[in-house]
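Trainee: Here's the letter readout for the chains.
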Amino acid sequence: MCLGIPGRIVAVTDAARMMALAEVSGVRREVNVACILDGPAEDLVGEWALIHVGFAMARIDADEAAKTLQALHDLGEAQEAAEAMAEGAKALEGQG
Amino acid sequence: MKYATEFRDPKAAKAVLARIAALADQIGATRAAPVHIMEICGGHTHAIFRYGLDKLVHEGVEFIHGPGCPVCVLPMARVDECVEIANRPGVIFTTFGDAMRVPGTKMSLMQAKAAGADIRMVYSPLDALELARRSPGREVVFFGLGFETTTPSTALSIQQAAREGLGNFSVFCNHITVPEPIRALLDDPHMVLDGFIGPGHVSMVIGIHPYDFIARDYGKPIVVAGFEPLDLLQSVLMVLTQIRDGRAEVENQYARVVPEHGNPVSLAAMTDVYEKRPSFEWRGLGEIDQSGLRIRAKYRAFDAEEKFGVGYAAGPRVVAEPEGCACGQVMTGRIKPTACPQFGRGCTPEMPLGALMVSSEGACAAYWQYGGARAPEAVECPEIVE
Ligand code: SF4
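Chains as they are written, first to last, in UniProt numbering: chain A, 1 to 96; chain B, 1 to 386.
Just chain A, with the same shape it has in the complex (with noise of 0.2 Å):
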């Protein structure tokens, strides 16, 4: 849970709130984008980001983004990432 994971923003959710949705490692969830905001949320779109426990937490380029996800994907980290947010949806309807 410590290691951030690299996601790419694909669509503004809710301005107000500062949501949007991230694409990581194949699957999508909404995140919150306010630590990493410094003009309007659209902007943010296409951007990668660092993304630790459904917060996007630093912008990075797409090449480090590459990077380092294929070093999680070896530390196993970014696996286990994609399981967390499957338990967090599970939890929503109650299964979890």
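FYI, nobody ran anything at the bench for these hints, they're computed from the structure.
One thing to keep in mind: the hints can contain errors.
Within a straight-line C-alpha distance of at most 30 Å, the following computed DSS-like cross-link-like pairs (lysine-lysine) qualify [as the list claims (entries may be wrong)]:
1. K113/B x K90/A
2. K298/B x K276/B
3. K106/B x K336/B
4. K298/B x K14/B
5. K106/B x K90/A
6. K336/B x K55/B
Using the hints, position chain B with the ligand against chain A.
Mentor: Frame of chain A; chain B with the ligand shown alone:
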């Protein structure tokens, strides 16, 4: 993916390893009298074992595995308090999956769930918030756990709950900070440390200056590092270079992610929501002054400790570690996990006795998984060794 190959280029790794070896020889480090470098972060511990870096570096460089895994330093009393809250009527207790198997004095959260408590694993405090919105008749408690990397996420979630007036959401706050335990370790007369590898993702939030005291007051080098094998090797090289030159500075190897002064939005949210506790208990290390955070009075309505009258609010609380467990000695670098009498006997990842065996970032689990328990020859590092 061009950098991906660059960062694990065997030639580059070999070159760095050769420079590490030359420096280690130059400063007279040997297997019998090694340079002790503590990697503070559990993520680094995991990476060091995963890539076999401890076996690849010169024998005069020894890694000491620091207290930087929040699951591993979670005291049994806090797990008991989680179970107590989870068993209250109407409560939905939400937690990161990592914390499910940490043993309490009677049971883990996993066992409490099996016994009927409504405990749910979530990926993010945002999931807990959403659960509170959807379950107005229930009390949704989020188990806030982690260092400065995770703290902003619960701070921002509490702010959001306050904005929405979400009265059935609260956080059981167990957030801890990195600098204070490092100070405690440095003050320990038995501790022999020559330098530090600093936690990159903590510094992404707090910047590099909270470590200034390590260099200034204790004269030890610290290099804030990324999580790639080459990041770690380069950081070792930077620490050794400082030692050779007689310098003690805070250096930033991970500048591509870590801003010198951290992330202002995260820092502002943390300051708004949290304040320091006078002291907080760490498994294996005991109570450490100013090392934990609690929710400020203005957000009291979202503080599970206040809401349910448990934890530090409930009075004195001392719980011993399980018998035969050497977690404290491992965490302070006095012994290696394999020297614990329980290692692989009473304590395995399937049936952990101590918390260092629970998380893949714990030193004991890392030893178990990546070869500490097996012959060193069995460990290889395919990414780096040609
Ligand atoms: S082997 Fe188990 S009991 Fe021994 S130090 Fe490690 S976690 Fe603690």
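Trainee: Report the numbers of all earlier hints that the structure fails to satisfy, in ascending order.
Mentor: Going through the list in order, the structure violates hint 4 alone and respects the others.
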